[in-house]
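*Asks:* What follows is each chain in one-letter form.
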Amino acid sequence: MSNNVLLEVKNLKTYFFLDEGVVKAVDGVNFKIEKGKTFGVVGESGCGKSITAHSILQILPPRGKIVEGEIILHTENGPVDLAKLNSTSQEIRDIRGKEIAMVFQEPMTALAPVYTIGNQIMEAILLHQKNVTKEQAKKRAIDLLGRVGIPNPEKRVDAYPFELSGGMRQRAMIAMAMSSNPSLLIADEPTTALDVTIQAQILDLIKNLQKEMGMATMLITHNMGVVAEMADDVAVMYLGKIVESAPVDEIFYNPKHPYTVALLKSIPKVGKKVKGRLESIEGMVPDPYNLPTGCRFHTRCPSYMKGICDKEEPPEIEINTGHKVSCFLYGGR
Amino acid sequence: MAGYVVRRLLGLIPLLFILSVVVFLIIELPPGDFLTVYVEQLRTSGVLVSEEEVARLVKQYALDQPLYMRYITWIKNIILHGDFGRSFRYNRPVVDLIKERVALSALISLFSIVFVWIVGVSIGIYSAVKQYSVFDYVFTFIGFIGVSVPSFLLALLIIWFAYTKFGVYISGLFSQQYVDAPWSWAKFLDMLKHIWVPVIIIAISGVAGNIRTMRANLLDELRKQYVTVARAKGLSETRLLLKYPIRIAVNPMISTIGWTLPAIFSGESLASIILNLPTIGPLLMQALLAQDMYLAGSLILIMGALTLVGTLISDILLAWVDPRIRYRNAGGE
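For the protein sequence lines, the chains are A and B, in the order given. Position one of the first sequence corresponds to residue 1 (the numbering used here), numbered consecutively onward. Position one of the second sequence corresponds to residue 334 (the numbering used here), numbered consecutively onward.
Treat the hints with care, as some may be off.
The list that follows gives simulated cross-link-like pairs (lysine-lysine, DSSO-like), each with its CA atoms no further than 27 angstroms apart [claimed, not checked]:
#1 Lys-463/B - Lys-84/A
#2 Lys-557/B - Lys-98/A
#3 Lys-130/A - Lys-576/B
#4 Lys-24/A - Lys-463/B
#5 Lys-65/A - Lys-463/B
#6 Lys-557/B - Lys-65/A
#7 Lys-576/B - Lys-139/A
#8 Lys-576/B - Lys-98/A
#9 Lys-557/B - Lys-13/A
Taking beta-carbon pairs under 7 angstroms as the criterion, some of the chain A residues facing chain B (in silico) [stated by the list, open to error]:
#10 Thr-88
#11 Gly-97
#12 Tyr-160
Chain A regions said to be covered by chain B (calculated; three or more residues, Cβ under 8 angstroms) [stated by the list, open to error]:
#13 100-108
#14 124-132
Read the hints as simulated data drawn from the structure, not as lab findings. Beta carbons are placed, not taken as given, at the ideal position from N, Cα and C, and that holds for glycine.
Looking at chain A on its own, in the form it has when it is part of the complex:
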């Protein structure tokens, strides 16, 4: 089992040191990603899911720092702790784009406007593959563009990003990420900025490529439907912590944490009778500079137990094989 693990994140803490105070964007996160599997991370905006992904590649904004924890990547040459590497070192740069590639949220701005998509894909190829000539790199770029479903790739390779639609740009981004056969693809809200019909196409594309190339995917989204469609395992994040993690069926059919339950209730369901408004989660996301004491969800939780939830942080409890939850409802007192 353990030799199937590709990436292990242990007690990761990423803080932002701002003038207004310290923001604990990621505060003690643990998870494992297995080879070839899809790991979904869900949560509201600002819960730290993107920052977790950026921490793995050490591409945090200037004020963000990993203050604690390990990020262990199992490569062919043994395990490497990415959290210990300097963010500008050659070692981490050899992993970025080669072992771990990333697809971003905004295909409109993710490609630089002044270079052709071919140029930007070739750059990634030439950077990580030794002894490749420019002509070979271009051939490979055309091949990749064809594989991600861009019609007429011989012509499109010389197109500028602004000549392509959002969906096409995201395909080009995926082609770029695939260029060095990564063992892990981090997809940070890859379909959020796209039309619904295009969303399904992009998700299918990622799924197929994953099967073909045997890579693992870390899929970050706020969309429960996307998780249901794509993920093998799911982690639910709230304010910098993973509150519940389980195989995808467990999350959907046997949710335990009140936050997960609330998230699932807030999705409209096809075929169910509509009675009034959709359910929403009570209250507001707390101020990130002043996080609530105890369980961070207690200010909005329908099962809030006074004197317990606001005093101590709930420990992580494994209630089923692979199903972990951090909530006092399930013990830990």
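Chain B: place on chain A using the hints.
*Replies:* Okay, now just chain B, sitting in the frame of chain A:
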């Protein structure tokens, strides 16, 4: 692209015509003419000038002809013979006066422009990349002072400082013995010794301006997603900065390159007057004061024409470096 350039060149013809008319009208606008100023000067210095004498002068300078006739004669000679008329005050052809000074104007301007671009842009890049560092604050402070202190004031301060502290009188471009000497190697070396003071004084506000602009442009670009994408690809920081954000941040500045063309011709006027530099700027100012209409008109006409040509050069350069503009032009045809 070629069609675009040809169209823009043809478009210059009506603009130049309008420019010449406006220039001529503006020069005629103030009451009186060169002779009123000249006769007034003679009278105040005690010389008796009879009415017949004045009438003779009016005829000699062709000031009795109607406005449009003088304009037609002036513009015809410029187009057909490259003859910009005679300066009343110097009693010499305008072309000779310009020839005498244009080389030095261009030399000082070119030196200061190179200085402005190299120093301004590189400090701007440093300031943006190391935002909020100690040196960023220092350069920002210097930048604000440089932008807000006019160069003539700076010139006065430096002259005063050099004179009171070191007993050196900074004036002109040459030592006393070379002022009227013909050009020689020794005179050239002597000029190099003097030229850096005006170059720095004239350049300082431009440097400060470029620091501010480059810093702001680059900060905007650094926050864009394509920078994170390039970093996630595994590019080194230096290569990343040069290829993506800097390349794009310089584009808006290229659109101002055209304005340096008239500046190369005239040099900075006020500081040049104070520093007693034999450039075009002070010549224009004296011509305007004396209502030396053909000299002033020609200088303004040339500067206006150079502004138009410079803008055209900027536009072509910008289309050449930025595909977004290039393709929009092509699409508009």
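*Asks:* If a hint holds in the structure, say so; if it doesn't, say that too.
*Replies:* Results for each hint:
no., hint, verdict
1, Lys-463/B - Lys-84/A, "holds (23 angstroms)"
2, Lys-557/B - Lys-98/A, "holds (22 angstroms)"
3, Lys-130/A - Lys-576/B, "holds (21 angstroms)"
4, Lys-24/A - Lys-463/B, "holds (24 angstroms)"
5, Lys-65/A - Lys-463/B, "holds (17 angstroms)"
6, Lys-557/B - Lys-65/A, "holds (20 angstroms)"
7, Lys-576/B - Lys-139/A, "holds (22 angstroms)"
8, Lys-576/B - Lys-98/A, "holds (20 angstroms)"
9, Lys-557/B - Lys-13/A, "holds (25 angstroms)"
10, Thr-88, "holds (6 angstroms)"
11, Gly-97, "holds (4 angstroms)"
12, Tyr-160, "holds (5 angstroms)"
13, 100-108, "holds (count 5)"
14, 124-132, "holds (count 3)"
Hint check: no violations occur; every hint is consistent with the structure.
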